[in-house]
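Q: Letter by letter, the chains look like this.
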Amino acid sequence: MAKPKVVVVKARGVLNNSGDIDETRLLRMYERGIRALTGASSLAEGIGRIFAPADRVGIKINTIGGRKLSTRPEVALGLAGALKGAGVSEKSVLIWDRTNRELKDAGYSLSLGASGTKIYGTDTDGSGYDDELYARGNIGSLFASIQSRFATASVSLAILKDHGLAGVTAGMKNYFGAIHNPNKYHDAHCDPFVAEVFAAPQIKDRHRLTVLDAMVVQFHRGPSYHARWAAKSETLVFGLDPVATDAVGWRMIERLRGAQGLPSLTEDGREPRYLQSAESMGLGEADSAAIEVVEEEA
Amino acid sequence: MKRRQFLRTAAGTGLALGAQAGPFLEELYAFGETSNLSMVEARFYKKLPDREIECNLCPRNCRLGDKERGYCGVRENRDGTYYTLVYGKACSANVDPIEKKPFFHFLPGTTAFSIASAGCNVNCKFCQNWEISQVRPEQIRHVDLPPAQVAEAARRAGCASIAYTYSEPVVFYEYMYDAAVEGRRLGLRSAVVTAGHINSEPLRELLKVVDAVKVDLKAFRQDFYTHYVRGELKPVLDAIKTIAASKVWLEIVYLVIPSLNDDPAEIRDMARWIKTEAGPDVPVHFSRFQPMYLIKNLPPTPVSTLEKARAAALEEGLRYVYIGNVPGQQGENTTCPNCRRLLVERYAFDIRGNEIKDGRCPSCRTVIPGVWG
Chain E
0 MAKPKVVVVK
10 ARGVLNNSGD
20 IDETRLLRMY
30 ERGIRALTGA
40 SSLAEGIGRI
50 FAPADRVGIK
60 INTIGGRKLS
70 TRPEVALGLA
80 GALKGAGVSE
90 KSVLIWDRTN
100 RELKDAGYSL
110 SLGASGTKIY
120 GTDTDGSGYD
130 DELYARGNIG
140 SLFASIQSRF
150 ATASVSLAIL
160 KDHGLAGVTA
170 GMKNYFGAIH
180 NPNKYHDAHC
190 DPFVAEVFAA
200 PQIKDRHRLT
210 VLDAMVVQFH
220 RGPSYHARWA
230 AKSETLVFGL
240 DPVATDAVGW
250 RMIERLRGAQ
260 GLPSLTEDGR
270 EPRYLQSAES
280 MGLGEADSAA
290 IEVVEEEA
Chain V
0 MKRRQFLRTA
10 AGTGLALGAQ
20 AGPFLEELYA
30 FGETSNLSMV
40 EARFYKKLPD
50 REIECNLCPR
60 NCRLGDKERG
70 YCGVRENRDG
80 TYYTLVYGKA
90 CSANVDPIEK
100 KPFFHFLPGT
110 TAFSIASAGC
120 NVNCKFCQNW
130 EISQVRPEQI
140 RHVDLPPAQV
150 AEAARRAGCA
160 SIAYTYSEPV
170 VFYEYMYDAA
180 VEGRRLGLRS
190 AVVTAGHINS
200 EPLRELLKVV
210 DAVKVDLKAF
220 RQDFYTHYVR
230 GELKPVLDAI
240 KTIAASKVWL
250 EIVYLVIPSL
260 NDDPAEIRDM
270 ARWIKTEAGP
280 DVPVHFSRFQ
290 PMYLIKNLPP
300 TPVSTLEKAR
310 AAALEEGLRY
320 VYIGNVPGQQ
330 GENTTCPNCR
340 RLLVERYAFD
350 IRGNEIKDGR
360 CPSCRTVIPG
370 VWG
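Which chain is which? The protein sequence lines are E and V, in order. Numbering of the first sequence is given in numbering that gives the first Met the number 0, commencing with residue 0 and proceeding in unit increments. Numbering of the second sequence is given in numbering that gives the first Met the number 0, commencing with residue 0 and proceeding in unit increments.
Keep in mind that the hints were calculated from the coordinates and are not lab data. Glycine residues also receive a C-beta, built at the ideal position from the N, C-alpha and C atoms. Treat the hints loosely; a few may be bogus.
[Claimed, not checked] Here are the simulated PhoX-like cross-link-like pairs (lysine-lysine), alpha carbons at most 20 Å apart as the crow flies:
id: 1; chain 1: E; residue 1: Lys67; chain 2: E; residue 2: Lys103
id: 2; chain 1: V; residue 1: Lys66; chain 2: E; residue 2: Lys67
id: 3; chain 1: E; residue 1: Lys4; chain 2: E; residue 2: Lys231
id: 4; chain 1: E; residue 1: Lys103; chain 2: V; residue 2: Lys66
id: 5; chain 1: V; residue 1: Lys233; chain 2: V; residue 2: Lys274
id: 6; chain 1: V; residue 1: Lys274; chain 2: V; residue 2: Lys295
[What the hints assert, rightly or not] A few chain E residues facing chain V, derived, Cβ under 7 Å:
id: 7; residue: Ala134
id: 8; residue: Asn182
id: 9; residue: Lys183
id: 10; residue: Ser223
id: 11; residue: His225
id: 12; residue: Gln275
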């Protein structure tokens with residue numbers, strides 16, 4: 000059985016000194032990443048192998064960290080553009096998170112998307128959460144109707160960062176923002192809660208792609224922004240296996256911590272154990288040795 | 000049960016309305032905002048380096064970075080200052096019989112102006128009010144009802160007390176505290192309905208301004224608290240001891256769930272502990288479980304189980320042991336522990352007769368502990 004592939008694309012200079020993104024380089028990162036991930040000869044072809052033109056695609060971003068530590072609008076809009084290029088209608092793409100306040104604080108311009116990509120939060124009037132409680136294992140939650148009813152396909156476009164409780168927050172934990180009560184699932188290093196939320200059909204059956212925004216990585220004292228422990232990484236990480244992609248993100252954080260002389264997350268008692276739980280639930284591959292990591296420069 | 004169905008049938012949640020998950024997408028008409036949250040600095044927290052804080056309100060002692068919320072979902076760190084988001088934000092407001100809380104030895108036959116805000120610091124799998132307790136404040140509708148208005152509304156409604164109930168008042172501590180102070184100014188008492196998952200210092204402060212506390216003791220085994228409450232038993236027992244040692248009236252409710260916390264040995268252990276640590280006169284209510292929230296696979300508690308629990312607690316020396324959620328059951332009534340005279344006859348939340356005079360049995364003059372007027 001082939002190893003799951005995770006593509007790590009670095010683009011030196013994609014962030015200028017002000018932190019602004021060079022969108023030409025960003026587009027190149029998407030091209031390299033998606034092509035390497037899918038084996039396609041173009042970005043559009045690669046996206047077309049993951050999504051169908053008829054899909055309604057929810058792009059779940061993470062904006063709790065404010066402007067300095069959230070999925071960047073350019074990165075989210077870049078993916079929306081790639082979907083459009085592959086034939087998915089703009090009106091069928093929704094960039095979203097929990098609240099409109101957090102979206103705006105992170106630099107997003109809200110849009111109902113009558114003529115273009117939609118951008119709004121779960122708290123938008125008429126959106127909200129499902130009526131029916133999802134109850135399985137340790138989870139009892141209402142899912143955002145964007146995730147459960149709008150999206151036929153879903154992307155976790157997460158920020159990669161250290162997390163004081165979970166160890167690492169990346170693509171899988173990003174879906175905590177798709178339920179109404181994430182605060183209830185931070186015990187025990189979020190294990191097995193992250194895996195169990197992901198295993199819900201509202202997510203598992205729709206998730207197609209993880210992209211980690213690792214342009215700036217908070218490698219210590221996350222999930223809040225602290226400049227002294229935030230590294231300019233200028234990286235995007237792509238994966239079809241949600242567990243493997245997060246496992247690679249974890250290793251990136253460990254390398255950054257090691258370079259600063261910080262203890263590893265394992266030594267700190269904070270390794271993201273939910274990855275192992277996710278693997279045992281059949282959600283993907285957590286073992287680094289069993290993951291094919293492809294590194295690209297864009 | 001579906002969410003809307005729950006909202007239609009949930010008793011006692013009054014103004015509580017879930018976020019409307021109405022017709023989707025094409026009917027979106029405006030952007031919602033989450034600005035209708037309070038920004039009142041919380042009590043009982045420590046500021047830490049790097050804009051972190053540690054909340055010391057409850058035994059979780061959540062340590063939070065900037066922009067993070069505690070387990071309760073209603074207290075948030077913003078730039079190193081911790082705020083309550085629900086101060087003066089009532090998601091429920093009702094006039095209830097005090098017996099509904101239940102309090103049986105506290106102002107019987109009176110009404111309590113009963114309020115709640117969103118949130119809870121535990122997550123009981125059998126929660127009866129999860130629609131308001133297990134949500135964040137943005138997800139439900141609430142009204143602005145500042146403490147002074149709570150007291151004024153209670154007075155106008157002819158209530159004898161203000162009750163903090165339905166969800167978990169510990170998480171709206173500042174609101175509750177100030178409403179209790181405002182209530183006292185108008186001659187109103189305050190009654191707290193809580194799981195008792197609170198640290199000692201805030202509890203002791205609270206006891207200075209309230210008059211009665213009902214603690215929901217969920218079980219007498221830590222294992223149950225771990226799996227079905229997601230909390231700790233010991234702090235709850237500590238809270239019971241603290242309340243019992245104060246001048247504040249205490250009652251205890253124990254929801255009996257078939258096969259989970261109905262072991263006779265556990266009931267007897269609990270009864271002995273209450274008698275020793277809180278005293279034999281603390282009223283204990285064994286309430287009937289109904290399938291709810293995340294525990295729908297168990298039947299309602301058989302009445303015979305409740306009767307056995309009551310009998311066991313009486314045998315262990317508790318003097319006032321009741322059965323709840325079974326209207327018409329003899330275990331709803333208060334009898335004199337000395338001469339066995341029927342003193343208070345109840346039917347559900349109604350008082351059908353109250354013979355207690357000056358806090359005593361009219362036949363044998365035995366003191367019946369409580370707050371009777």
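Q: Run every hint past the structure and note whether it holds.
A: Going down the list of hints, with the structure as the test:
1. Lys67/E <-> Lys103/E: It holds: about 13 Å lies between the C-alpha atoms, which stays within 20 Å.
2. Lys66/V <-> Lys67/E: Holds. Lys66/V to Lys67/E sits at ~13 Å (cutoff 20 Å).
3. Lys4/E <-> Lys231/E: violated (24 Å)
4. Lys103/E <-> Lys66/V: Distance of about 15 Å is within 20 Å: holds.
5. Lys233/V <-> Lys274/V: holds (17 Å)
6. Lys274/V <-> Lys295/V: Roughly 33 Å separates the two Cα atoms, so the pair is violated.
7. Ala134: holds (5 Å)
8. Asn182: holds (4 Å)
9. Lys183: holds (5 Å)
10. Ser223: holds (3 Å)
11. His225: Status holds, d = 6 Å.
12. Gln275: Since chain V brings no Cβ nearer than about 21 Å to Gln275/E, farther than 7 Å, the hint is violated.
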